[in-house]
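S.K.: Once you have looked at the hints, place chains V, G and P on chain A.
Chains as they are written, first to last, in our numbering: chain A, 1 to 178; chain V, 1 to 178; chain G, 1 to 178; chain P, 1 to 178.
Derived from the structure by calculation, the hints contain no laboratory data. Careful: at least some of the hints might be erroneous.
Just so you know, same-sequence chains aren't split out, so a pair can sit in one copy or run between any two.
Below, in silico cross-link-like pairs of lysine-lysine (DSS-like), each with a Cα-Cα straight-line distance of 27 Å or less [stated by the list, open to error]:
no.: 1; residue 1: 169; residue 2: 56
no.: 2; residue 1: 170; residue 2: 56
no.: 3; residue 1: 86; residue 2: 56
no.: 4; residue 1: 167; residue 2: 51
no.: 5; residue 1: 169; residue 2: 51
no.: 6; residue 1: 86; residue 2: 110
It should be emphasised that the depicted structure is a prediction, and the values quoted were computed from it without experimental measurement.
Protein chains: 4
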Amino acid sequence: MRWSGSFVRDLLNCAIMAIRIFITGGTFDKEYNELNGELYFKDTHLPEMLKLGRCKVDVDVRTLMMIDSLDMTDDDRAIILENCEKCSEEKIIITHGTDTMEQTARVLGKIMKDKTVVLTGAMIPYKFGSSDGLFNLGSALAFAETLPHGVYIAMNGRYFNWDNVRKNKKTGEFEEIG
Amino acid sequence: MRWSGSFVRDLLNCAIMAIRIFITGGTFDKEYNELNGELYFKDTHLPEMLKLGRCKVDVDVRTLMMIDSLDMTDDDRAIILENCEKCSEEKIIITHGTDTMEQTARVLGKIMKDKTVVLTGAMIPYKFGSSDGLFNLGSALAFAETLPHGVYIAMNGRYFNWDNVRKNKKTGEFEEIG
Amino acid sequence: MRWSGSFVRDLLNCAIMAIRIFITGGTFDKEYNELNGELYFKDTHLPEMLKLGRCKVDVDVRTLMMIDSLDMTDDDRAIILENCEKCSEEKIIITHGTDTMEQTARVLGKIMKDKTVVLTGAMIPYKFGSSDGLFNLGSALAFAETLPHGVYIAMNGRYFNWDNVRKNKKTGEFEEIG
Amino acid sequence: MRWSGSFVRDLLNCAIMAIRIFITGGTFDKEYNELNGELYFKDTHLPEMLKLGRCKVDVDVRTLMMIDSLDMTDDDRAIILENCEKCSEEKIIITHGTDTMEQTARVLGKIMKDKTVVLTGAMIPYKFGSSDGLFNLGSALAFAETLPHGVYIAMNGRYFNWDNVRKNKKTGEFEEIG
Chain A
1 MRWSGSFVRD LLNCAIMAIR IFITGGTFDK EYNELNGELY FKDTHLPEML KLGRCKVDVD
61 VRTLMMIDSL DMTDDDRAII LENCEKCSEE KIIITHGTDT MEQTARVLGK IMKDKTVVLT
121 GAMIPYKFGS SDGLFNLGSA LAFAETLPHG VYIAMNGRYF NWDNVRKNKK TGEFEEIG
Chain V
1 MRWSGSFVRD LLNCAIMAIR IFITGGTFDK EYNELNGELY FKDTHLPEML KLGRCKVDVD
61 VRTLMMIDSL DMTDDDRAII LENCEKCSEE KIIITHGTDT MEQTARVLGK IMKDKTVVLT
121 GAMIPYKFGS SDGLFNLGSA LAFAETLPHG VYIAMNGRYF NWDNVRKNKK TGEFEEIG
Chain G
1 MRWSGSFVRD LLNCAIMAIR IFITGGTFDK EYNELNGELY FKDTHLPEML KLGRCKVDVD
61 VRTLMMIDSL DMTDDDRAII LENCEKCSEE KIIITHGTDT MEQTARVLGK IMKDKTVVLT
121 GAMIPYKFGS SDGLFNLGSA LAFAETLPHG VYIAMNGRYF NWDNVRKNKK TGEFEEIG
Chain P
1 MRWSGSFVRD LLNCAIMAIR IFITGGTFDK EYNELNGELY FKDTHLPEML KLGRCKVDVD
61 VRTLMMIDSL DMTDDDRAII LENCEKCSEE KIIITHGTDT MEQTARVLGK IMKDKTVVLT
121 GAMIPYKFGS SDGLFNLGSA LAFAETLPHG VYIAMNGRYF NWDNVRKNKK TGEFEEIG
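Same shape as in the complex, but just chain A:
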């Protein structure tokens, strides 16, 4: 029945409106230190990016760490997992460096079965003119709203399941393993 479908859809629309966003650093949030010419982390640009996208999804942004994903340890991944488990939202986005994103996805994927977790990142820092960050954030939010429970990576306009994804180091693109 038509009204019934609408009703279900409205409920659905309502339910998807609460998304937790965990910040872990990565290229996404790197800035240029004009005094020493090095890249570094200051604050996350996520709130600014959500505003630019005129995002009206009910999100709660929390910074867990601000590190290069090449420096991410098992302990760091345990912190991310713990936060995913204990947060009240059923939908979670994690911003993450692309170099070890697949490793964190595997740690989460083996445990997180009753929430939708989407890892995303950027190849170019948001503060640089030609970043893919805003595009990736838009797709990550949409994937978090629509995909069934599970752990995914959202990059290159696509989503990948946690147990079938790797970053191609030569092209910088994500792809299925098998």
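M.R.: Below, chains V, G and P without anything else, positioned relative to chain A:
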């Protein structure tokens, strides 16, 4: 069974890789004419935006028209509908001015039942520094890949069903009608 | 004598550090109204631009009007002239729409003989990605610091004397009349 | 006499139209390597920046080297000096890393007495959203067109004589020594 789920998901990943993008104009593609100070349409920026997003989804971009959506006629909407019906892809994105996006969605929504059609646009032209266009394109692609058959509007990081959406003229945001 | 030259140069460096900037509007400061799709004036972007340029010149920015130069009247030009005459600084920059910049330059040039006045503007609004505004502002400041008393237009990386300049309506570039 | 002044000015306008630009690298031209996350040099952005500024000055851009100025040797500076001496233009702009710009200025300043040489650079790479590069280029061109023979640094909207300038390492700004 685990492998079975993977198998289905892989098939799904494969199937979603072909998306048709129809360009109709709208704020998305407006440019500034520096000789007379007016906004106008030249070419679409979609290919450039997809490249910036490092999009690896298999898309086919076609320009149907380049108009302000306030100037869109019933004939124009008939052209859009016809193209949606006859294209081979099952997933379609339409870039569209926001002012009458809901009207075109209704024309398509009453007829298009066996494809996933996502209309999207921008509040600020892509060529201007602070556009929401790249964010919206990222979310529209993700929604086209994941939502069931039907006609939707993707704006503000959310999706709306064709029969329950309107643009709030005061805030510039999209919202459910009821 | 060497020290004498240094001394004179230091005095000069000191003297050039006070520049008055008068804002009159023009393409420079146009913004995009996302609710109605029209270009309009809100506040000037000059302070933001000076900060971006890490400008350490001692400037005092005053907004005289915020109008399209096609709408500028004789009364408006009288206001600009009066402000140029009565301000204490010997060096003045005026941001101005390019369409009638040459007319204002002539009004000022006939009277202002004991100050250096540089009019500048932009072909593309500063808020749009590809503006020439920052480049023009940098050159206008340098011309104001170095040119002898007189009234000039600074556009296209060049300066023009008030009595020998026009905007080529076809190319959008400034050129000598004769 | 009025016509006489015009005549001289026209000659002057004509003479300033040939400027040689030497590229040596520096922050100006650094890019972000998205495969390894490091900053590197590819090609100079000067032609693109001149186009953005709608620059109509007759410039000739030559790349001498593409290095970080911290890596610049005495031999490199000898190459820069030699090129300044032998080029036919009387007005020269050198893009240069800011860290050792004052050293190169001193090497040139002791020898170059019959040309106007302006060194400039940027605190933030041009390809990053918030660069001061376009502003500095605009001012460097204007200073090259108007300053008497000598060697100068153009930064922060100001010019400095080669024998009285240093970069303040704490603030990143250029200042007089004494």
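S.K.: If a hint holds in the structure, say so; if it does not, say that too.
M.R.: Status of the hints after comparison with the structure:
1. In this homomeric assembly, residue 169 and residue 56 come within 27 Å of each other (Cα to Cα) only across copies, at 16 Å, whereas the closest approach inside a single copy is 35 Å.
2. When the C-alpha separation of residue 170 and residue 56 is checked against a cutoff of 27 Å, the pair qualifies only between copies, where the shortest distance is 15 Å, while the shortest distance within a copy is 37 Å.
3. Taking the shortest alpha-carbon separations for residue 86 and residue 56, only the intra-copy value of 24 Å comes in at or below 27 Å, while the best inter-copy value is 34 Å.
4. For the homomeric pair residue 167 and residue 51, the shortest alpha-carbon distance between copies (18 Å) is at most 27 Å, but the shortest distance inside one copy (29 Å) is not.
5. When the C-alpha separation of residue 169 and residue 51 is checked against a cutoff of 27 Å, the pair qualifies only between copies, where the shortest distance is 19 Å, while the shortest distance within a copy is 32 Å.
6. When the C-alpha separation of residue 86 and residue 110 is checked against a cutoff of 27 Å, the pair qualifies only within one copy, where the shortest distance is 16 Å, while the shortest distance between copies is 43 Å.
Consistency with the previously given hints is maintained throughout, with no hint failing.
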